[in-house]
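Q: The lines below spell out each chain.
There are 2 protein chains.
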Amino acid sequence: MNAIKTLLIGTALSIATTAVYADMKPEDAIKYRKAGYNVMSWNMSKIKAMAIDAPESFDAKQVANAATAIAAMANMGMGALYIAGSEESIGDMKTRAKAEIFTDKDGVKEVAVKFNQAANELAKVAATGDKVAIAQAFKDTGASCKACHDKYRKE
Amino acid sequence: MNAIKTLLIGTALSIATTAVYADMKPEDAIKYRKAGYNVMSWNMSKIKAMAIDAPESFDAKQVANAATAIAAMANMGMGALYIAGSEESIGDMKTRAKAEIFTDKDGVKEVAVKFNQAANELAKVAATGDKVAIAQAFKDTGASCKACHDKYRKE
Chain Y
1194 MNAIKTLLIG
1204 TALSIATTAV
1214 YADMKPEDAI
1224 KYRKAGYNVM
1234 SWNMSKIKAM
1244 AIDAPESFDA
1254 KQVANAATAI
1264 AAMANMGMGA
1274 LYIAGSEESI
1284 GDMKTRAKAE
1294 IFTDKDGVKE
1304 VAVKFNQAAN
1314 ELAKVAATGD
1324 KVAIAQAFKD
1334 TGASCKACHD
1344 KYRKE
Chain V
1194 MNAIKTLLIG
1204 TALSIATTAV
1214 YADMKPEDAI
1224 KYRKAGYNVM
1234 SWNMSKIKAM
1244 AIDAPESFDA
1254 KQVANAATAI
1264 AAMANMGMGA
1274 LYIAGSEESI
1284 GDMKTRAKAE
1294 IFTDKDGVKE
1304 VAVKFNQAAN
1314 ELAKVAATGD
1324 KVAIAQAFKD
1334 TGASCKACHD
1344 KYRKE
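If you're matching them up, the sequences are chains Y and V in order.
First residue of the first sequence? That's 1194 in the working numbering, and the numbers climb one at a time after it.
First residue of the second sequence? That's 1194 in the working numbering, and the numbers climb one at a time after it.
By construction, these hints were calculated from the structure, which means they are not laboratory data.
Just so you know, not all the hints are guaranteed correct.
You can't tell identical chains apart in this list, so a pair holds if it fits in one copy or across any two.
Unchecked claim - Below, a list of computed lysine-lysine pairs in the DSBU-like style, where the Cα atoms sit at most 35 Å apart:
#1 Lys1241 with Lys1347
#2 Lys1218 with Lys1324
#3 Lys1302 with Lys1339
#4 Lys1344 with Lys1298
#5 Lys1307 with Lys1339
#6 Lys1307 with Lys1317
#7 Lys1332 with Lys1291
#8 Lys1347 with Lys1307
#9 Lys1302 with Lys1317
#10 Lys1287 with Lys1302
Predicted model only: the values in this text are computed from it and were never measured.
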C-alpha cells in the first residue's frame, strides 16, 4: 500500500481507493490510462472539427458534452494508474510512458495541474457556447496536452 | 455521409460532426468505443469499492468525479462510433460487439437511453454524497450496463 501511495502523482491527481489499486494488474492500469487518453483524443478531435476546422458543423451541445468528457478525464485521478509494474509495455498492452513520469513528481505535477486547469476551463467555456472563447480554450488545452507528451511520452 | 448517418444509433446518441466521422478509420472507431467502455469500467469499479465493498474508503469527491466521468461517457455520443467497417475485430484491435448492435436500432436505442438515464442519475446522486442513494444508483447503472452486454456483447 505504501508502494502504491508513493507512486501517486501529484496531490491533485491522488486517489485513496486502495481497495481498487491494491488488486489492480499493471496491464489493467495501462489499459485504463490509455482509455482516458483516447477519450480525450477523440473529444479533442470533435471540438477541433466543430470549433475550428468545420465551424459550420458547430453544435453547442456536442461541444459542451465533448469538453465535459475531457474535463472528467482530467478530474478522475488518472495519476493513480501509474502503479508499480506498469512502467513498460506488457505483451500486447503497449505504453508510451517514459520512465520519468514515474519519478519526476514535481515535473509531472506541474503539467498535470496545468492540464487540469485548462480542461476545466474548456468545459466551463464550452457551456457558454461562445465559439471564439471555445477555440481559444481548446488551443490552451491542446498546448497543455502537448507539454506533457513532449516531456513524458515516447517518440 | 449518408452511410454514416444511417449508422448512427438512436437519436439520443446521434452526432453531426461529419467532419470527424467521414475520415475516421474503423480501427479508430473501435479504439474510441473501447476507451469509453474502459473508462466506465474503471470508474464503476471505484464507485463499487467506495460505496459498497469498502465503505470506510468512501470519498465523496472521488465518487462524484467517477460518476461524472461515467455520465460524460454516456453523454458523448458513442453511438456515432459504430461506423461501417467496424463490425468485426481489425487485427489487434478487437471488438466484442455483436452484429445486432449495428442493425437493431430500436433495441439499441432502448438500452442506450436506459443507460444514459441511469448514468446521469448516478452523477446527480453522487454530487449529494448520500451513500445509500449512491449505492442504489450504482446498482441501477450496473444493471443498465448488463442489459446491453447481455444483448449486444459477445461471450
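Q: Please go over all the hints and tell whether each is borne out by the structure.
A: Against the structure, the hints:
no., hint, verdict
1, Lys1241 with Lys1347, "both (24 Å within a copy, 34 Å between copies)"
2, Lys1218 with Lys1324, "between (42 Å within a copy, 28 Å between copies)"
3, Lys1302 with Lys1339, "within (15 Å within a copy, 37 Å between copies)"
4, Lys1344 with Lys1298, "within (13 Å within a copy, 44 Å between copies)"
5, Lys1307 with Lys1339, "within (11 Å within a copy, 37 Å between copies)"
6, Lys1307 with Lys1317, "both (15 Å within a copy, 27 Å between copies)"
7, Lys1332 with Lys1291, "within (25 Å within a copy, 38 Å between copies)"
8, Lys1347 with Lys1307, "within (20 Å within a copy, 40 Å between copies)"
9, Lys1302 with Lys1317, "both (22 Å within a copy, 30 Å between copies)"
10, Lys1287 with Lys1302, "both (23 Å within a copy, 34 Å between copies)"
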